[in-house]
Amino acid sequence: MIAGFGRSLCLCAEPKGNMVSRRLKYAVLPYVRHALQAENSSERRLVLDVGCGPGKLADFCSSLTAYDWYGLDLWEHELLQAKEIGSYKSVFQVNLLNGLPFRDNAFHVVVCKEVLMYLPNDRELFREFYRVLRPGGKVFIYNPIAWFPKTYAALKRLGRSVYQASDSVTLDTQSEWRTATRPCRIAYLSFDSLMREIREANFEILDVTAFRLFRNRIRLMARLEDYDWYLNFTQKLAARRPRLATDLMVVGRKV
Numbered sequence: 000m001i002a003g004f005g006r007s008l009c010l011c012a013e014p015k016g017n018m019v020s021r022r023l024k025y026a027v028l029p030y031v032r033h034a035l036q037a038e039n040s041s042e043r044r045l046v047l048d049v050g051c052g053p054g055k056l057a058d059f060c061s062s063l064t065a066y067d068w069y070g071l072d073l074w075e076h077e078l079l080q081a082k083e084i085g086s087y088k089s090v091f092q093v094n095l096l097n098g099l100p101f102r103d104n105a106f107h108v109v110v111c112k113e114v115l116m117y118l119p120n121d122r123e124l125f126r127e128f129y130r131v132l133r134p135g136g137k138v139f140i141y142n143p144i145a146w147f148p149k150t151y152a153a154l155k156r157l158g159r160s161v162y163q164a165s166d167s168v169t170l171d172t173q174s175e176w177r178t179a180t181r182p183c184r185i186a187y188l189s190f191d192s193l194m195r196e197i198r199e200a201n202f203e204i205l206d207v208t209a210f211r212l213f214r215n216r217i218r219l220m221a222r223l224e225d226y227d228w229y230l231n232f233t234q235k236l237a238a239r240r241p242r243l244a245t246d247l248m249v250v251g252r253k254v
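In numbering that gives the first Met the number 0, the protein residues as written are 0 to 254.
Worth flagging that the hints you see were computed from the coordinates, not collected in a lab.
Hints may contain errors.
[To be verified] Here are the in silico distance ranges between beta carbons for each label pair:
hint: 1; residue 1: G135; residue 2: S89; range: 19 to 29 angstroms
hint: 2; residue 1: R133; residue 2: Q92; range: 17 to 27 angstroms
hint: 3; residue 1: P134; residue 2: D67; range: 11 to 21 angstroms
We treat Cβ as the ideally placed atom computed from N, Cα and C, and that holds for glycine.
Using the sequences provided together with the hints, build the complete structure.
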């Protein structure tokens, strides 16, 4: 942790609609809410939720009345859900391969949660985040990391050459994304490469942390999260040793 925002994640606290449960994959939500709440600004602040999906993050942060949320996503069915929860000023259907359709210095905060792994242009997106942020604005990047990203990427490409679900799309080679409902993962970043790319976009790193050590593809690992001792141990270890984690949260500031 470099300049921490605190670690009181309170996974038991659920927003309206019961959208969040006691699962470590949702620990990023209370982290972001706590960080935004700590800003303590009287000025109206604009947040861009990149890859907002059905709107879980804005819903979880809906009690923070000083923030106006704007969401964007690729999928129309996700945006319809995000719009229905009523926590966004506006939502936009945007293909991030084409950058961000917003003016310079438009937002105080940009949040990008588990989006980069589906895109081939992460370096360009970091520069776009920097462009649309106001001076002093903050970016929250939450993304999976891998110890051997090139190996994982090669194995993924091999797997796709054998089988790819008909409702999915690979955004680096397929352009007919409107007929799909979900993307295939194509990008793998390590701890070091993610940090390096954020710094190369001229962000000052404020905080680096993590919340879980496994992505819970294995049913047993998901069941362990029913126990407080496992939740507490995993969150503490991941926060202290983010290189061991499967997902990384990096907070940067536009200087």
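Exercise for review: Hint by hint, work out which the structure violates, then give me just those numbers in ascending order.
Suggested key: none
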